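Peer 1: Construct all of the structure, not just a fragment, from the sequences and the given hints.
Note that numbering that gives the first Met the number 0 gives residue 17 to position 18 of the sequence shown, counting from 1, and the numbers run on in steps of one.
Source of the hints: derived by calculation from the structure; they are not laboratory data.
Since the model is a prediction, treat every value here as computed from it, not as a measurement.
A portion of the hints provided could be inaccurate.
Simulated DEER-style distance windows between Cβ atoms [claimed, not checked]:
#1 185 to 160: 22 to 32 angstroms
#2 115 to 146: 12 to 22 angstroms
#3 176 to 146: 13 to 23 angstroms
#4 112 to 142: 37 to 47 angstroms
#5 220 to 152: 50 to 60 angstroms
#6 214 to 184: 35 to 45 angstroms
#7 148 to 214: 43 to 53 angstroms
#8 204 to 83: 16 to 26 angstroms
#9 127 to 38: 22 to 32 angstroms
We put the CB at the ideal spot given by N, CA and C, even for glycine.
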Amino acid sequence: MGLSIISLNNISNNENKSDSYDGSKLSNNDRSNELFALILVSMLSVIFAITFTSVYFHSHFVLAQPLSSSTDKANFQQWTDRTNNIRIQFNYLPQNPVVDSTTKMNFVVQNLTTGTNLKNLLARVVVTNGQRFFKFDNITIPNGNFTVQYLFPDTGTYQVIARVDDFSSSIKNFSTLSSFQVPVSIQLTGPDNNLITISVVSVIIAGGILLYFLFLSRRRKENKKESKYSPK
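Peer 2: This is the structure we're talking about:
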């Protein structure tokens with residue numbers, strides 16, 4: 000009888016030790032999972048912050064560049080007036096204009112034959128999408144080139160109409176009318192947009208992983224409590 004009681008006590012002690020060991024093991028696993036999730040979220044958050052910062056500054060703080068640069072060639076347009084022997088070159092920055100962000104529109108008025116800039120001109124620019132109109136009046140052009148800045152209010156393709164008059168002498172020598180197009184989107188396009196999309200998706204995935212591990216950890220703690228207080 001004494002041996003039986005000792006054996007039962009040993010079994011009970013072993014079970015308690017086993018439960019304690021399993022609980023400790025689960026607790027360690029929970030802490031490891033939470034630590035892994037936090038590290039993962041932190042890494043992806045840093046990647047997102049770096050990507051977003053580089054894209055934002057690249058898109059919103061673009062330095063003026065000459066028309067011969069590779070960036071400007073992508074959106075370079077030219078209007079030719081053979082009657083008056085004039086050409087007007089046009090480009091805009093940034094390369095992908097977006098809604099409610101300043102866009103620089105650059106014009107260069109040249110002699111079609113010689114390629115030299117025409118001086119002492121007067122310009123008027125109209126920006127329209129067919130529904131809205133915005134005018135830049137009385138723009139003086141002393142050296143053949145000028146720039147206007149505009150915040151596009153809506154998406155779509157805008158028409159930029161520029162009228163240039165020559166008042167280099169007391170007699171009006173010529174008046175020419177040119178037209179150009181500027182596509183405007185609601186968000187960044189091209190590689191920049193892909194980087195932002197990847198970053199956002201990465202953060203969402205990291206958040207989902209963190210929530211999953213937190214839920215799993217909580218569930219294990221609840222199961223542990225239930226097994227501890229359940230009758231044996």
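Peer 1: Against this structure, judge whether each hint is valid.
Peer 2: A quick look at each hint next to the structure:
{"no.": "1", "hint": "185 to 160: 22 to 32 angstroms", "result": "24 angstroms, holds"}
{"no.": "2", "hint": "115 to 146: 12 to 22 angstroms", "result": "19 angstroms, holds"}
{"no.": "3", "hint": "176 to 146: 13 to 23 angstroms", "result": "19 angstroms, holds"}
{"no.": "4", "hint": "112 to 142: 37 to 47 angstroms", "result": "19 angstroms, violated"}
{"no.": "5", "hint": "220 to 152: 50 to 60 angstroms", "result": "54 angstroms, holds"}
{"no.": "6", "hint": "214 to 184: 35 to 45 angstroms", "result": "39 angstroms, holds"}
{"no.": "7", "hint": "148 to 214: 43 to 53 angstroms", "result": "51 angstroms, holds"}
{"no.": "8", "hint": "204 to 83: 16 to 26 angstroms", "result": "60 angstroms, violated"}
{"no.": "9", "hint": "127 to 38: 22 to 32 angstroms", "result": "53 angstroms, violated"}
Hint violations for this structure: numbers 4, 8 and 9, all remaining hints satisfied.
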